[in-house]
Structures are given as structure tokens and as C-alpha cells.
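Q: So the chains spell out like this:
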Amino acid sequence: MSVSVRAEQITKSFNSHSALRGVSLDIAAGELLALLGPSGSGKTTLLRIIAGLDFADSGKVLFDDTDTSAVTIQERNIGFVFQHYALFRHMRVFDNIAFGLRARPRHRRPDAVTIRKTVMTLLDLVQLSGLENRFPAQLSGGQRQRVALARALAIEPRVLLLDEPFGALDAKVRKELRRWLRELHDRTGHTTIFVTHDQEEALELADRVAILNDGQIEQIGSGEDLHVRPASAFVHRFVGDSIELPVAIVEGQAWFEGKSVYPLHSTGPETSTSLFLHPHDLHVSDEGPHTLPATVLGMRRTGSGRHTDLQIGGSALRVNVALPVDFWVEEGEVVHLRIWHAAAFTDNVVPLPRNRGTSASLRPAVMANRKRSGA
Amino acid sequence: MSSVAIGAPLRAARGMSESKLVRRLLIGVALLFLTLFLLLPLVMVFVEAFRKGLGVYFENLVEPDAISAIKLTLLVAAIAVPLNAVIGLSAAWAISKFEFRGKQLLISLIDLPFSVSPVVSGLVYVLLFSAHSWLGPTLKAHGIEIIFAVPGIVLATIFVTFPFVARELIPLMQSQGSAEEAAALSLGASGWRTFFTVTLPNVKWALLYGVLLCNARAMGEFGAVSVVSGHIRGATNTMPLHVEILYNEYNFVGAFAIASLLAFLALVTLVAKSLLEARYGEELAHRIKH
Numbered sequence: 001m002s003v004s005v006r007a008e009q010i011t012k013s014f015n016s017h018s019a020l021r022g023v024s025l026d027i028a029a030g031e032l033l034a035l036l037g038p039s040g041s042g043k044t045t046l047l048r049i050i051a052g053l054d055f056a057d058s059g060k061v062l063f064d065d066t067d068t069s070a071v072t073i074q075e076r077n078i079g080f081v082f083q084h085y086a087l088f089r090h091m092r093v094f095d096n097i098a099f100g101l102r103a104r105p106r107h108r109r110p111d112a113v114t115i116r117k118t119v120m121t122l123l124d125l126v127q128l129s130g131l132e133n134r135f136p137a138q139l140s141g142g143q144r145q146r147v148a149l150a151r152a153l154a155i156e157p158r159v160l161l162l163d164e165p166f167g168a169l170d171a172k173v174r175k176e177l178r179r180w181l182r183e184l185h186d187r188t189g190h191t192t193i194f195v196t197h198d199q200e201e202a203l204e205l206a207d208r209v210a211i212l213n214d215g216q217i218e219q220i221g222s223g224e225d226l227h228v229r230p231a232s233a234f235v236h237r238f239v240g241d242s243i244e245l246p247v248a249i250v251e252g253q254a255w256f257e258g259k260s261v262y263p264l265h266s267t268g269p270e271t272s273t274s275l276f277l278h279p280h281d282l283h284v285s286d287e288g289p290h291t292l293p294a295t296v297l298g299m300r301r302t303g304s305g306r307h308t309d310l311q312i313g314g315s316a317l318r319v320n321v322a323l324p325v326d327f328w329v330e331e332g333e334v335v336h337l338r339i340w341h342a343a344a345f346t347d348n349v350v351p352l353p354r355n356r357g358t359s360a361s362l363r364p365a366v367m368a369n370r371k372r373s374g375a
Numbered sequence: 001m002s003s004v005a006i007g008a009p010l011r012a013a014r015g016m017s018e019s020k021l022v023r024r025l026l027i028g029v030a031l032l033f034l035t036l037f038l039l040l041p042l043v044m045v046f047v048e049a050f051r052k053g054l055g056v057y058f059e060n061l062v063e064p065d066a067i068s069a070i071k072l073t074l075l076v077a078a079i080a081v082p083l084n085a086v087i088g089l090s091a092a093w094a095i096s097k098f099e100f101r102g103k104q105l106l107i108s109l110i111d112l113p114f115s116v117s118p119v120v121s122g123l124v125y126v127l128l129f130s131a132h133s134w135l136g137p138t139l140k141a142h143g144i145e146i147i148f149a150v151p152g153i154v155l156a157t158i159f160v161t162f163p164f165v166a167r168e169l170i171p172l173m174q175s176q177g178s179a180e181e182a183a184a185l186s187l188g189a190s191g192w193r194t195f196f197t198v199t200l201p202n203v204k205w206a207l208l209y210g211v212l213l214c215n216a217r218a219m220g221e222f223g224a225v226s227v228v229s230g231h232i233r234g235a236t237n238t239m240p241l242h243v244e245i246l247y248n249e250y251n252f253v254g255a256f257a258i259a260s261l262l263a264f265l266a267l268v269t270l271v272a273k274s275l276l277e278a279r280y281g282e283e284l285a286h287r288i289k290h
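In order, the protein sequence lines correspond to chains E and P. Numbering follows my numbering, in which position 90 of the first sequence is assigned residue number 90; successive positions increment by one, without gaps. Numbering follows my numbering, in which position 260 of the second sequence is assigned residue number 260; successive positions increment by one, without gaps.
Hint data in this document are derived by calculation from the structure and do not stem from the laboratory. None of these values were measured; they are calculated from a predicted model. No residue lacks a Cβ here, since even glycine has one placed at the ideal position from N, Cα and C. It cannot be assumed that every hint is accurate.
As the list claims (entries may be wrong) - Simulated DEER-style distance windows between Cβ atoms:
#1 E:K117 <-> P:P201: 53 to 61 Å
#2 P:A141 <-> E:S18: 58 to 66 Å
#3 E:S18 <-> P:S190: 47 to 55 Å
#4 P:L200 <-> E:N320: 55 to 63 Å
#5 E:A137 <-> P:K273: 20 to 28 Å
All chains should be modelled from the sequences, with the hints used to inform the complete structure.
A: See below:
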């Protein structure tokens with residue numbers, strides 16, 4: 001039933017604006033994939049192109065190795081759940097769900113009894129039994145969302161596509177539906193692609209997450225990959241809290257305010273760049289060679305630890321770190337932090353000012369792709 | 001503190017409402033105006049029509065020229081209104097669901113009949129189709145009569161009443177967007193099926209509303225029709241034209257008898273319009289709150 005989906009070098013422009021610049025993507029049959037990115041990153045455009053609601057300027061979309069470029073949306077047999085559900089407002093819930101079956105050509109159209117049975121089964125699946133005679137306006141947001149899903153599932157789609165499926169719901173309903181959708185996917189096994197700008201939603205729900213930025217895919221991977229092995233500064237900034245420490249790279253070491261704070265093991269020209277780390281990569285230690293001095297600005301006790309606002313060195317950089325409960329510091333006190341894990345990316349490297357001759361140009365290949373060291 | 005907080009809106013409310021005298025004066029002026037300019041003429045139409053009794057009233061209605069005028073008016077409306085409903089719906093559909101070059105121009109063109117004097121639009125048809133126009137000889141050779149004949153009256157009526165349906169539908173269809181249509185297509189429905197099961201039901205009341213106004217205008221149109229009709233009694237006279245002829249002949253009872261039919265049509269339209277607005281207000285374009 002479900003198919004694998006492959007996008008090959010998709011490009012798409014609207015007027016002069018490039019929405020997609022050569023996007024390639026492979027989704028296995030039965031996989032649940034999230035397209036995550038800020039608004040305007042092209043994620044919805046990509047979803048609509050896969051659906052056949054939009055057409056790529058170049059590139060192909062393949063369902064199970066079959067090129068769908070010439071296949072109309074009616075023939076693609078995809079289940080599409082729209083951002084605002086797009087339920088047929090003048091039809092009852094039952095007729096909404098039955099629409100796709102009734103729209104089939106006569107020789108493939110099930111009889112009324114079968115349609116009724118199918119719709120009732122789906123209503124049961126989306127936990128809306130008894131509401132089949134309501135109009136969409138008489139349903140809550142979460143109920144409408146589930147009707148939209150049942151309507152899309154009724155045509156036994158080869159691929160299920162969801163555009164910001166939880167965007168219009170309040171936080172509590174959103175969480176419930178998220179868990180429910182994951183269970184539903186595990187039960188029905190549809191190849192599913194959904195668009196979201198909410199990283200928590202993407203990471204919690206999807207098998208893999210594709211991060212889009214400015215019409216390109218920055219990285220595809222599991223939540224583990226995105227957190228531990230971010231492919232670019234953009235991914236690091238987008239996933240989780242990100243701290244950027246401005247450092248100079250000299251002799252394979254990251255230097256901050258005249259002190260080596262992290263070994264990068266890089267051998268390249270001297271550059272200035274940012275060291276990317278998450279708050280949980282900072283640990284309190286004794287003063288030593290690879291430590292950062294930080295001044296305590298304030299503390300708040302939470303269940304898991306003591307959230308402490310720290311000012312790094314003499315800079316204006318402020319971070320919020322969860323310190324162990326048994327570690328007691330006073331406001332104004334200086335603590336020393338050791339960086340357990342950090343990354344530098346080639347996409348924001350600038351040569352140090354002393355290389356005056358080349359300071360105007362970026363030198364992207366200074367550090368081979370990405371340097372990091374285990375904690 | 002609390003007294004200030006409560007006092008402020010009270011003062012504001014008092015400041016914004018007028019004194020009793022001013023309020024009564026304003027309401028009185030409005031009522032007087034409505035009575036003088038709207039209600040009185042309507043009452044006068046019926047008073048004049050029935051001045052010589054019911055018998056004379058009906059005699060004037062069943063007189064052959066009057067019957068002919070009524071028939072012609074009904075015929076013209078029966079052709080112009082459905083055509084404008086279909087064309088207006090198509091135009092609204094194209095404008096609200098698709099992006100294309102010249103869309104803005106099309107929207108302006110739809111409004112053109114509202115901004116052009118009906119007499120001018122009638123004259124345009126005379127210039128296009130009369131015996132002395134460049135199309136005239138060709139038409140004459142094929143035996144086609146447009147000006148001073150029924151086709152000309154139909155054309156002029158279509159032109160004048162075109163905007164009613166389109167203008168009612170465009171804002172509504174634009175506000176509804178095309179998401180439901182996209183959903184129908186993704187579920188495998190054909191374009192026609194999508195139109196008849198999704199698009200059309202979503203605008204049916206607005207369409208009826210537009211048709212109602214279109215019909216009232218089609219039956220009541222005077223200016224454009226007057227120019228192209230030629231006022232041939234029993235042949236090219238519509239009801240409004242017949243009213244004029246009778247009035248010019250000092251047959252006041254006859255004129256007002258026909259006029260009373262038009263007034264009655266106006267009343268029926270008004271009631272139907274109010275019912276639609278009360279019942280389906282949310283589905284009519286001009287009630288949409290943005």
C-alpha cells in the first residue's frame with residue numbers, strides 16, 4: 001500500500017524568489033518524516049510539490065521509482081491534510097469523509113453500504129463515532145483536524161501528507177493529537193510526511209527530520225543526529241538552545257579572551273569563528289587550562305536543578321545553565337566552566353584580522369567540514 | 001482608584017450619547033425624509049393606479065399592448081438573468097480561484113456597467129448594430145435585426161445588469177479561498193465534480209441574492225433599453241417603456257397600473273432580499289467581516 005517517496009533536485013521559484021534550490025529527499029515506505037524549518041524555508045512548497053498541488057520548475061518526484069511529474073493530483077492518490085483542514089463546510093462529517101470514495105470513477109466506486117461501513121470504521125479510528133451528522137462548524141479544532149485525517153485516509157492513500165497539522169490548535173490538544181497521530185501511524189503504517197516549524201513536535205513525532213533553510217536541506221537525520229552531530233551552524237541554532245562563543249582559532253585551539261578554552265585539533269590558518277555549544281555542554285570545574293570564567297548573575301531553583309544565569313568572561317554573552325542542586329554559588333561569584341562538547345562550522349569562519357590581505361573574503365575551507373572532539 | 005476606574009467609562013458613555021431632544025430631532029428628520037422620498041411615492045403609485053377603481057385597473061393590465069409589454073419584460077429577464085448568472089459565476093470563479101495576467105483589469109471591466117450611464121451603453125449598441133454602423137449592412141444581408149428589436153433589448157439588459165451576480169460572488173469566493181477545492185482534487189474529484197459539489201454549494205445563497213438583484217434591475221431597466229428599443233407598441237415596448245408612453249399620453253391610470261406591477265416586483269424583491277439576509281447573512285458577501 002504505502003510507497004517510498006523520492007524527491008530529486010527539486011527547484012521552484014515564485015516570480016524572482018527561489019523557494020526551493022535543488023532539494024533531494026528519500027523517504028522509505030512506512031516512514032514518518034518531518035519537514036522542519038522557519039517560515040519561508042520552502043517546506044510547505046516541497047510538500048505541495050510532492051502532493052501535486054504545485055509543480056517543480058525542475059527535478060522529479062518519484063513514488064516507488066515511478067516518476068509522478070505527469071501524474072495529476074487526482075491520480076496520485078495522496079492523502080493531504082491541509083493546515084486549516086479545508087473541510088467542506090456545507091457537508092456533514094459523514095459526507096466529508098465519504099467524499100473521496102464517492103468521487104471515484106463508477107467502476108471503482110464502492111456501493112453505499114460499503115461506503116457507510118468504511119466511514120464508520122474511520123470515525124471509530126479517529127475517535128469521533130457519533131459525530132457523523134455534525135457540520136464542521138459544530139466541531140472543535142481538534143475534532144476538525146481528525147475529520148480531515150479520516151477524510152484523507154478514506155481514499156487509502158499511498159502517501160499521507162500533512163501541512164502544519166497541529167498549527168491551529170492550542171498547546172494541550174496539540175500534545176494529545178501528536179501522541180495519537182504517532183500511534184495511528186504505527187498502526188496503519190502509511191508513509192507520512194508532515195510540515196512543521198515546531199522542533200519539539202518534529203523531534204517527538206518523526207522517525208527522521210529534514211531541516212530546511214532558505215530552500216535547501218541543511219540536514220536529514222534522527223533527533224540524535226541533529227543534536228549530537230549538527231551539520232551546520234543553522235542546524236545548531238535551530239535545534240535546541242544554542243550558545244555561540246566568539247573565539248579565535250590559533251594552533252588548533254579555540255581562544256576566548258586570551259585563554260585557550262577548547263581544543264579543536266585543527267591545523268589551518270588562524271581564523272576567528274564561533275564555537276557552538278548547548279547549555280548542557282557546560283560543566284562546572286576547578287580553574288584550569290581549558291576553562292571559561294563566568295560570573296553568577298542569578299539563580300532559580302527548578303525540579304531538575306538550579307538554573308543559573310551566567311555572564312561569560314568580560315563579554316556581554318549571557319547563558320542559562322542548569323547546575324547541580326548540591327552546587328551552591330552566590331550571586332556575583334565567579335565559577336569556572338569546562339566545555340565538554342562544542343562544534344565550529346565552516347559556514348561562519350572569518351580569517352583573523354591580522355591576515356589583512358584576505359580579510360575581505362571568507363575562507364570556507366579553512367577547517368575541513370566540521371571539527372569537534374569528544375568530551 | 002476604583003472610583004476613577006469606574007467613573008471614566010461612564011463619563012465617556014455620557015459624553016458620546018446625545019441629549020434626548022437632539023436624538024428625537026435626528027430620528028424625526030430621518031423618518032420625515034424616508035416618508036417623503038421613499039414611502040410616499042410608493043403609496044402614490046398604488047393610489048393613482050386604483051383611482052378609478054379595480055375594474056379600470058385590471059382593464060389597463062389586460063389591454064393587448066400592456067400584455068405585450070409584460071411578456072417582453074419577462075422574456076428579456078428570462079434570457080438576461082440566467083446568462084448573467086452563468087457568466088457572473090464563471091467570472092467570479094476565475095477571479096477568486098486562479099492567478100492570471102490581467103485579473104485586475106477584468107475586475108475593473110466587470111464594474112464598468114455600474115459606472116457608465118445606461119443611456120451611453122444603449123447608444124454603444126446602436127452604434128455597433130444599427131443600419132448605419134459598420135456591422136449594419138452585414139447584419140441586414142443576413143436578415144438579422146438587433147436594434148429596434150428584441151435582441152437589442154436583451155443585449156442592453158445583459159450589459160447593464162452584468163455586475164450584480166459577479167460583484168456579489170467575488171468577495172465571498174475570495175474570502176473562502178481555494179483550499180476546499182484543493183482538498184476535493186486531492187481526494188480524486190474531477191474539476192466539474194469539484195465545482196458542483198464544493199464550489200457551487202458554498203456560494204448558493206450569495207448566487208441567489210445576486211440573481212434577485214439582477215432580476216429586479218433587468219425588469220426595471222429603462223435608459224439603455226429605451227435607446228435600443230424604438231418604442232414600437234406591442235413589439236419592442238417593455239414595462240418601463242410602456243409606463244412612459246402611457247404617461248405621455250395622459251393615461252395616468254394606465255401608466256400607474258403598469259407601474260404598480262413594477263413597484264410590486266420591487267416589494268417582493270425587497271422582502272426576499274431581507275429574508276435571505278436574515279437567514280443566510282453569513283454566507284452573503286457584503287456581510288462578511290474582515
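Q: Look at each hint and say if it fits the structure.
A: Evaluated hints:
1. E:K117 <-> P:P201: 53 to 61 Å: 26 Å, violated
2. P:A141 <-> E:S18: 58 to 66 Å: The hinted range 58 to 66 Å holds for A141 of chain P and S18 of chain E, with Cβ atoms some 59 Å apart.
3. E:S18 <-> P:S190: 47 to 55 Å: 33 Å, violated
4. P:L200 <-> E:N320: 55 to 63 Å: About 57 Å separates the Cβ atoms of L200 of chain P and N320 of chain E, which means 55 to 63 Å holds.
5. E:A137 <-> P:K273: 20 to 28 Å: 24 Å, holds
Hint compliance for this structure: hints 1 and 3 are broken, all remaining hints hold.
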